[in-house]
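2 protein chains.
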Amino acid sequence: MAREVFQQELKEVQERLVEIATDVTRIMQSASHAFTKSDVALADQAISLAELTGDKALALDELVIRILARQSPVARDLRILVSALRISASLERMGALAGHIAQIARFRYPGSAIPESLRSTFVEMGVLDLALANKIVKLLADPDVDVARSIQAEDERVDELHRHVFDTVLGDDWKENAVFTVDVTLASRYHERFADHVVDISAKLSYLTTGEWND
Amino acid sequence: MAREVFQQELKEVQERLVEIATDVTRIMQSASHAFTKSDVALADQAISLAELTGDKALALDELVIRILARQSPVARDLRILVSALRISASLERMGALAGHIAQIARFRYPGSAIPESLRSTFVEMGVLDLALANKIVKLLADPDVDVARSIQAEDERVDELHRHVFDTVLGDDWKENAVFTVDVTLASRYHERFADHVVDISAKLSYLTTGEWND
Chain E
1 MAREVFQQEL KEVQERLVEI ATDVTRIMQS ASHAFTKSDV ALADQAISLA ELTGDKALAL
61 DELVIRILAR QSPVARDLRI LVSALRISAS LERMGALAGH IAQIARFRYP GSAIPESLRS
121 TFVEMGVLDL ALANKIVKLL ADPDVDVARS IQAEDERVDE LHRHVFDTVL GDDWKENAVF
181 TVDVTLASRY HERFADHVVD ISAKLSYLTT GEWND
Chain P
1 MAREVFQQEL KEVQERLVEI ATDVTRIMQS ASHAFTKSDV ALADQAISLA ELTGDKALAL
61 DELVIRILAR QSPVARDLRI LVSALRISAS LERMGALAGH IAQIARFRYP GSAIPESLRS
121 TFVEMGVLDL ALANKIVKLL ADPDVDVARS IQAEDERVDE LHRHVFDTVL GDDWKENAVF
181 TVDVTLASRY HERFADHVVD ISAKLSYLTT GEWND
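Top to bottom, those sequences are chains E and P.
Just so you know, this note's numbering puts 16 at position 16 of the first sequence, and the rest follows in order with no gaps.
Just so you know, this note's numbering puts 106 at position 106 of the second sequence, and the rest follows in order with no gaps.
A couple of the hints might just be wrong.
Any copy will do: because identical chains look the same in the list, a pair fits if it lies in one copy or spans two.
Said to hold, decoys possible - Pairs of lysine-lysine, DSS-like flavour, derived with a Cα cap of 30 angstroms:
1. K175 - K37
2. K56 - K204
3. K11 - K204
4. K37 - K138
5. K11 - K138
No lab work stands behind these hints: they were computed from the structure.
Could you put the whole structure together from the sequences, leaning on the hints where they help?
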């Protein structure tokens, strides 16, 4: 009976992680559109959803601590719960990073935060970050889904685009003002960190399935 | 007897956190000097110590999970261990952020990553971040030390300097090239995030002492 209660509690933790990850996909989608299309309404939406998601992550942490206290799990069960705390922290950071991207768009509105020469790069970064966040939703719902390789490939492409932004900004042809330089530097960094967190979460989930860290 | 073993284990967790935090102060000290004085030897020192500190944080997490499994702590004891996991994650990030500052210095060497007009600002940011990290060492060694207010004041000053860097870079008088703009934008962000983590850790420790979140 206690085991059944515990399984039920683990299921709730999982469902809440899926919910928070789904929020994160929405924040990134709004933030990326806000940033690449100077849409201030979407920016505001991303910023408030990021706050809400931070609160949900805190509430989930409290639930996990209550379960740890009541059930005193060991071995794999314990690792699942500790991993849930870490994944919740990563998801909270991903929401905050996407929120930062939206804030840049909001700050420059009605102007654009990206010069034309980098627009398609940031559109692609946003698409990749969104695809990566969607894979985390799937992976949290079913840890056996085989997405590890595509996550790695997409993260590498994000890193490549991040370097491309830097090469562009630091190249001889870059004639944009410092406002653009600052905005694209930070936005690129936020996109890249967002993808890093996806890789971290995927490594933690793979550890739970295989028992071996492979990061 | 079990209680004595547990107290001994908690003591080891605390000592390891103090050790990792002490590493972080060294990384920030080397990184800040490397960055403001273009010292590549100090930059290398900061970068390798940051890697080592990441490994120590991982090892500490494993120790905490073993204690959770063996002792099944509840109430305050459980919260101390969960907080230790979070503090270890924050310290690891602080080491990584300071490492990133050192990497900027290394990348620009033998040139400087900061234009003269911002040197004193970054010297002050480095001094503040180092002071903040030192307070975390003290707080981890003795959670009753009364440093919460000075941590808040110093974090606010770091935020002020961070805004000053942005105002300078985005002002009409800024004539530096994009390399400087990118370097100081990222370095300022890393200093600011470093201080944020100190505030987070101090809030978690204050929660352990008072039982109330005050962040």
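#### Entry: Those earlier numbered hints the structure runs against, lowest number first
none
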